[in-house]
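A.B. asks: Counting in the working numbering, the final residue of the sequence shown is number 399, and the numbers go up one at a time with none missing.
Since the hints were made in silico from the structure, they are not lab data. Treat the hints with caution; some may be incorrect.
Claimed, not checked - Cut-off 27 Å, straight-line C-alpha distance, at most; resulting in silico cross-link-like pairs (DSS-like, lysine-lysine):
1. K323 - K80
2. K233 - K251
3. K310 - K281
4. K294 - K316
5. K78 - K276
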Amino acid sequence: MKRKMNNSKIIIATFLLSGMLFTACSDHTKEEGGTRPGKPADAAIGMNTVLQPVNSSVISTVNAIVPKQKDVQTTIPAEGYLDFDTRTFNNIAARFSGRIEKLYIKHAFQEIHRGQRIFDIYSPDMVTAQQDLIYLDINSAQETNLVNAARQKLLLLGMSATQVDKVVKTGKPFYSLPVYSPYDGHVHDVAHSQMPDNTDVKPQQNFTNNLPLLIKEGMYVEKGQAVFNVVNPHHLWAILKIDRSAVAGLKLNQPVKISSPDMPGKTINGKVNFIEPFLQSGDKSTSIRVYIDNMDHTFKVNSLVKATIQTGKINAIWIPRAALLDLGETKIVWLKNDQIFKARQVSTGMINGNEIQITKGLVMTDSLAENAQYLTDSESFIKTRKNEK
Numbered sequence: 011m012k013r014k015m016n017n018s019k020i021i022i023a024t025f026l027l028s029g030m031l032f033t034a035c036s037d038h039t040k041e042e043g044g045t046r047p048g049k050p051a052d053a054a055i056g057m058n059t060v061l062q063p064v065n066s067s068v069i070s071t072v073n074a075i076v077p078k079q080k081d082v083q084t085t086i087p088a089e090g091y092l093d094f095d096t097r098t099f100n101n102i103a104a105r106f107s108g109r110i111e112k113l114y115i116k117h118a119f120q121e122i123h124r125g126q127r128i129f130d131i132y133s134p135d136m137v138t139a140q141q142d143l144i145y146l147d148i149n150s151a152q153e154t155n156l157v158n159a160a161r162q163k164l165l166l167l168g169m170s171a172t173q174v175d176k177v178v179k180t181g182k183p184f185y186s187l188p189v190y191s192p193y194d195g196h197v198h199d200v201a202h203s204q205m206p207d208n209t210d211v212k213p214q215q216n217f218t219n220n221l222p223l224l225i226k227e228g229m230y231v232e233k234g235q236a237v238f239n240v241v242n243p244h245h246l247w248a249i250l251k252i253d254r255s256a257v258a259g260l261k262l263n264q265p266v267k268i269s270s271p272d273m274p275g276k277t278i279n280g281k282v283n284f285i286e287p288f289l290q291s292g293d294k295s296t297s298i299r300v301y302i303d304n305m306d307h308t309f310k311v312n313s314l315v316k317a318t319i320q321t322g323k324i325n326a327i328w329i330p331r332a333a334l335l336d337l338g339e340t341k342i343v344w345l346k347n348d349q350i351f352k353a354r355q356v357s358t359g360m361i362n363g364n365e366i367q368i369t370k371g372l373v374m375t376d377s378l379a380e381n382a383q384y385l386t387d388s389e390s391f392i393k394t395r396k397n398e399k
């Protein structure tokens with residue numbers, strides 16, 4: 011019995027000694043600021059830090075970066091296609107009514123040259139006008155005003171001075187008048203219209219390549235009727251589609267570099283020649299035109315192209331696009347503060363490749379997360395100072 015009492019005393023003494031040691035250690039920890047010997051005080055993470063809401067701050071060891079202020083060559087990407095330059099479109103119209111006796115143009119896209127004979131036409135009105143001139147020249151040669159008026163009428167109707175002189179000299183009218191082309195280019199059946207606005211797919215056109223023309227020998231044409239449309243293939247333009255977010259940076263004469271999958275390794279250098287003064291319907295985009303010389307016929311109409319428009323240099327604060335989280339109307343970065351990252355709202359400007367301009371919310375001494383998406387909880391609404399209320 012006495013032995014059991016001695017064992018109980020030993021156990022009680024042991025517990026008392028353990029309590030004293032624990033109290034002494036706690037007091038020592040408080041005196042040392044709650045840190046372990048050999049570990050810096052700022053490495054500790056307090057309970058207040060751990061208990062902060064994750065939608066406004068995150069504890070992480072993700073890599074941190076600093077913004078960079080530098081001059082950046084800003085560009086605008088664009089896509090589009092090549093088309094005929096509509097400034098070179100020329101109509102060959104009938105200057106008088108008549109029947110086409112002979113047609114020398116046989117198919118669409120046939121190349122013609124200035125002064126080339128394209129068709130012969132019989133016109134009763136022209137025959138009558140020639141006979142009037144012959145009659146006046148024979149019977150009233152002294153009436154120079156009348157003779158000159160009759161000559162001028164034939165010239166205005168499309169006859170050449172050589173033809174009129176031949177009519178006067180021979181005294182015989184042309185029953186079938188030859189018509190010559192005043193233009194160089196390719197022949198089209200109808201007036202060419204600009205391609206559709208959508209450049210996501212290759213534009214479709216009603217080109218009847220190498221098919222017979224709608225105009226046939228023996229057909230009648232009316233005065234003023236367009237017979238052919240002549241397009242100059244030596245001049246093209248690139249129609250480039252521009253996103254509405256980049257329209258503000260567009261100016262005339264900005265350098266443009268154009269490439270095409272149809273011409274690997276070849277670059278077309280041009281400039282912004284025309285900016286359409288309206289936004290395209292549906293996707294709210296606008297288009298620009300870049301005029302291109304095609305003297306050697308290297309470039310083909312309808313070819314899809316990609317372009318880079320150089321808009322100049324800008325000195326600003328830039329961060330990687332991965333460091334920015336786009337929440338729609340709100341854009342945030344995760345700003346580093348000791349061991350935690352806090353959400354901060356920023357304002358952005360231009361995008362240049364993998365970098366984005368920060369116009370408000372950051373300074374050069376800030377440190378922010380390299381990957382903003384990595385710190386984001388997709389199920390939380392991220393709170394910043396402006397939307398915490």
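A.B. asks: Given the hinted pair K233 and K251, is their alpha-carbon gap at most 27 Å?
C.D. replies: violated, 40 Å
A.B. asks: Between K78 and K276, is the straight-line Cα distance small enough, at 27 Å or below?
C.D. replies: Since the Cα atoms of K78 and K276 sit roughly 34 Å apart, the hinted pair is violated (cutoff 27 Å).
A.B. asks: Verify the proposed pairing of K294 with K316, using a straight-line Cα cut of 27 Å.
C.D. replies: holds, 19 Å
A.B. asks: Under the criterion that the straight-line Cα-Cα distance not exceed 27 Å, is the pair K310, K281 satisfied?
C.D. replies: holds, 19 Å
A.B. asks: Take the C-alpha atoms of K323 and K80, compute the straight-line distance between them, and say whether it is at most 27 Å.
C.D. replies: At roughly 10 Å apart (the allowed maximum being 27 Å), K80 and K323 satisfy the hint.
When each numbered hint is compared with the structure, violations occur for hints 2, 5.
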